[in-house]
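Engineer: Each chain, written out:
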Amino acid sequence: MVEKKKATTKKTDTKKQEVKKETSKQVPAPAVGSTTKQEARVGVFLCHCGTNIAGSMDLMAVQEYASTIPNVAYVDNYQYMCSTPGQGKIEKAIKDHKLTGIVVAACTPRLHEPTFRTATKEGGLNPFRFEMANIRDQNSWVHMHDREGSTEKAKDAVRIAVAKAALLQDLYPKSVPVEKAAMVVGAGVAGMQAALDLAYAGIKTYLIESSPTIGGRMSQLDKTFPTLDCSQCILTPKMVDVGRAENIELMTYSEVDSVEGYIGNFDVTIRKKARGVLTPKEAEARGLVGGGCNGCGDCDAVCPVVKPNVFEIGMKPRKAIYIYHPQVVPLIYTIDFDSCIKCGLCVTACGPEKRAIDLESKDEFIKVKVGTAILATGYDIFPIEKKEEWGYKRYENVITSLEFERLICASGPTGGHLVRPSDGQTPKRVAFVLCAGSRDNTGIGKPYCSRFCCMYSLKHAHQIIEKIPGAIPYLFYMDIRSFGKMYEEFYYRIQDEGAKFIRGRVANILEDKETKNLHVMTDDTLLDRPIDMEVDLVVLASAIQPSDDTNRTRKLFGVSCSMDGWLLEAHPKLNPCGTTTAGVFLAGVCQGPKDIPDTVASAEGAASAASIPIHMGQVELEPYFATCIEEKCAGCGMCVNLCPYSALSLVEKDGRTVMQVTEAKCKGCGTCGGFCPGGAIWMNHFATPQIVAQIDAFLLGGEQ
Amino acid sequence: MSAPGDFKIPERGPGFWQPKILGIICNWCSYAGADLAGGGRIQYPPDIRIVRVMCTGRIDALFVLKAFADGADGVLVSGCHFGDCHYLEGNYKAAKRMFMVKRLMKSIGLDDRRFRMTFVSASEGAKWGKVVTDVVNVINELGPSPITEFKK
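From first to last, the protein sequence lines are chains G and A.
Each residue of the first sequence is one higher than the one before, starting from 1 at the first, in the numbering used here.
Each residue of the second sequence is one higher than the one before, starting from 1 at the first, in the numbering used here.
Each hint should be verified, as a subset may be incorrect.
[Said to hold, decoys possible] With a cut-off of at most 20 Å between alpha-carbon atoms, the simulated EDC-like pairs for lysine to aspartate or glutamate come out as follows:
| hint | chain 1 | residue 1 | chain 2 | residue 2 |
| --- | --- | --- | --- | --- |
| 1 | G | Lys428 | G | Glu466 |
| 2 | G | Lys555 | A | Glu89 |
| 3 | G | Lys665 | A | Glu89 |
| 4 | G | Lys369 | G | Glu249 |
| 5 | A | Lys8 | G | Glu148 |
| 6 | G | Lys273 | G | Asp363 |
| 7 | A | Lys152 | G | Asp696 |
| 8 | G | Lys281 | G | Glu353 |
| 9 | G | Lys393 | G | Asp536 |
| 10 | G | Lys500 | G | Glu488 |
| 11 | G | Lys386 | G | Glu396 |
| 12 | G | Lys307 | G | Asp336 |
| 13 | A | Lys151 | G | Asp696 |
| 14 | G | Lys428 | G | Asp496 |
| 15 | G | Lys555 | G | Glu260 |
| 16 | A | Lys66 | G | Asp696 |
| 17 | G | Lys316 | G | Asp300 |
| 18 | G | Lys272 | G | Glu364 |
In case anyone wonders, no lab produced these hints; they're calculated from the structure.
Build out the structure end to end from the sequences listed, making use of the hints.
Structural biologist: And the structure:
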């Protein structure tokens with residue numbers, strides 16, 4: 001109790017100091033801090049960045065100007081400030097010139113702020129006494145032909161940064177413990193691999209999958225290029241591993257409902273959708289020892305409701321109580337309550353021993369705490385019927401590649417016999433339309449390359465030649481992009497096997513009403529002649545797009561997306577698995593189209609990245625918290641409702657109502673500070689006097 | 001809206017007026033988008049100075065008014081798209097405040113086109129170029145702020 005009291009008095013002391021500092025800062029005299037603080041002495045370091053910066057502006061003029069700015073005690077420049085000698089300059093100058101603040105005018109704080117903060121720290125200053133002036137990404141690179149304009153802008157940028165640097169304070173990052181558990185959202189091959197890696201590294205991993213089984217898109221494929229491995233054969237061992245791994249808690253038919261918290265301490269609520277069927281574990285929990293679903297399928301046999309099987313893209317029926325395919329993990333049936341008529345036949349069939357079926361089951365909400373999370377939400381097929389010229393869904397014999405995969409797959413609806421949907425005949429002439437909806441700038445399709453369609457279409461061509469004697473595949477392509485290991489060799493092999501390649505984007509597909517054959521119209525751009533080719537079947541290598549639920553899930557975790565909806569990585573080259581939300585990582589296609597090898601590699605990368613904070617045991621949070629200047633706080637409580645994280649509350653202190661911040665919850669957005677009518681909220685590192693000083697420095701020339 | 005590159009490099013020096021435009025932009029979307037414009041070498045006029053905040057929610061309406069009082073010819077506030085805020089809803093709160101600023105400007109006779117709030121995401125480098133070009137073009141059209149003129 002006594003200690004507590006001491007702590008609070010200390011706190012109020014520091015707050016008083018802040019207030020004093022704040023008032024002193026508003027005085028136009030050179031900033032003198034409270035009591036022990038000496039006059040601000042700012043060191044300015046200009047980076048040439050080779051010719052990146054120095055090539056577009058007069059850096060020497062900027063340096064000369066910088067030395068005239070108030071509070072600037074030292075100015076220097078270097079070819080590459082981020083290099084070891086460049087950083088050494090900062091460290092040396094801090095000691096030699098007793099600097100209290102550092103400004104580096106170089107690239108962007110989003111790139112090198114950590115580097116220079118470390119250098120500032122090495123020099124003996126608090127790392128948060130560093131401010132960056134962006135004179136490259138937002139100046140020299142975007143005003144390459146306006147030397148005078150960019151020089152003036154750089155001068156102002158330095159002046160603005162110095163104004164802030166003069167007012168910066170010592171801040172201390174807060175260390176928080178990291179929960180030794182991780183979450184992976186999506187159990188396709190990416191999610192499975194990430195979960196396995198995390199689990200094998202000794203981390204408890206929650207694997208969340210929205211469909212009733214794990215496996216994802218890869219489990220729908222027949223063969224994989226270029227090795228022609230059977231997709232299920234190489235995937236099922238992994239699925240079994242996931243089902244068995246001790247550290248993986250698998251939650252199928254579940255969705256993330258809400259996410260709270262921050263790196264190290266995410267509180268995630270999972271909605272376990274009503275499945276209607278008990279696992280042996282759940283049955284045991286209800287006191288039914290030896291009960292629960294064992295996957296026998298007796299219920300399936302008696303269920304009277306017939307629905308299309310989504311896994312087979314509607315080409316095969318399923319019952320209202322169903323599994324996708326025989327190899328599902330976990331092998332637990334699921335009731336589709338939207339179509340179930342609750343006749344109870346399945347309950348009878350299941351019998352009194354298993355008693356696995358509960359027609360009254362409801363959605364359950366489960367709360368778990370994890371340290372880091374990986375999103376692996378995958379992709380959907382672009383609805384290619386939007387490209388009306390190719391007649392998908394209008395002409396029976398126009399199918400998508402995914403439908404082709406199911407038709408050619410031995411476990412598929414036709415037992416692996418490729419047939420024409422119109423008459424069940426075996427097609428002899430099959431056209432493959434590549435870039436169907438990809439690389440499409442019409443505004444209907446997708447502007448990007450879907451990256452694996454070329455390769456799987458080559459594989460499809462091979463499968464046709466192999467399975468149907470005398471069949472000829474025709475590939476209509478723009479370019480064949482066979483960039484991976486052994487991919488180009490595979491392309492040559494398919495050429496040698498007799499597949500026909502026609503370079504031309506398909507303009508139109510027309511159907512012969514009697515034979516249901518199709519006429520593929522294009523222009524052969526290599527031979528420069530129009531083509532009208534009659535074929536039996538057309539396969540559209542449809543573009544892919546982020547899966548349906550991606551947008552909802554990414555918002556829960558605070559992850560941005562790029563213009564085409566794929567989730568945005570922290571850096572496209574140097575941090576492709578990370579996101580701007582600390583502790584959240586991306587694996588697989590949700591970040592952008594990838595083939596299976598790249599997906600697995602990215603999953604392993606994400607797992608490794610997600611395990612680092614967990615193994616470290618604690619992480620540092622940026623100390624950009626809000627604090628209440630209690631003397632100014634009127635206790636109106638406007639801020640309490642503004643805070644998106646419920647970090648603020650009103651408390652009684654010394655007979656007054658004042659606001660109090662729960663630092664662990666505060667993420668430092670400053671929404672409270674931007675509104676507070678009394679100016680009673682001090683946002684660390686983005687304090688009102690600091691921002692006002694920046695505005696003044698720009699508009700009033702820094703003299704204030 | 002102006003196309004990127006749709007601007008002339010003006011004559012500079014004494015006697016030539018140059019607009020003073022302040023941009024207060026959020027770290028996660030617009031600042032990242034502006035950096036992306038840099039990486040893509042998207043050219044736009046240099047007549048804007050940037051102050052970075054973590055979230056547009058941090059922006060006090062008084063910051064904007066202070067800038068105009070100090071003699072800014074234009075102010076741009078730019079953040080994440082709605083629903084995309086790194087801090088969930090800071091941009092909604094900012095937008096509300098900024099509408100208030102616009103209304104206030106109208107009622108005191110300051111052309112509210114001098115102040116703009118835009119939404120530029122971290123992947124919209126080209127859009128950032130367009131936005132700044134357009135803001136600068138509009139301010140050039142409007143000329144010096146009446147507040148600066150009045151001060152003289």
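Engineer: Now tell me, hint by hint, if it's right for this structure.
Structural biologist: We went through each hint and held it up to the structure:
1. Lys428/G x Glu466/G: Status holds; Cα separation ~12 Å.
2. Lys555/G x Glu89/A: holds, 11 Å
3. Lys665/G x Glu89/A: holds, 15 Å
4. Lys369/G x Glu249/G: holds, 13 Å
5. Lys8/A x Glu148/G: Holds, at roughly 14 Å.
6. Lys273/G x Asp363/G: Within the cut-off at roughly 5 Å; holds.
7. Lys152/A x Asp696/G: Given that 20 Å is the threshold and the Cα spacing comes to 18 Å, the pair holds.
8. Lys281/G x Glu353/G: holds, 14 Å
9. Lys393/G x Asp536/G: holds, 16 Å
10. Lys500/G x Glu488/G: holds, 16 Å
11. Lys386/G x Glu396/G: holds, 16 Å
12. Lys307/G x Asp336/G: Roughly 10 Å separates the two Cα atoms, so the pair holds.
13. Lys151/A x Asp696/G: Holds, at about 16 Å.
14. Lys428/G x Asp496/G: holds, 18 Å
15. Lys555/G x Glu260/G: Status holds; Cα separation ~12 Å.
16. Lys66/A x Asp696/G: Given that 20 Å is the threshold and the Cα spacing comes to 8 Å, the pair holds.
17. Lys316/G x Asp300/G: holds, 14 Å
18. Lys272/G x Glu364/G: Answer holds: Lys272/G to Glu364/G is near 5 Å, not above 20 Å.
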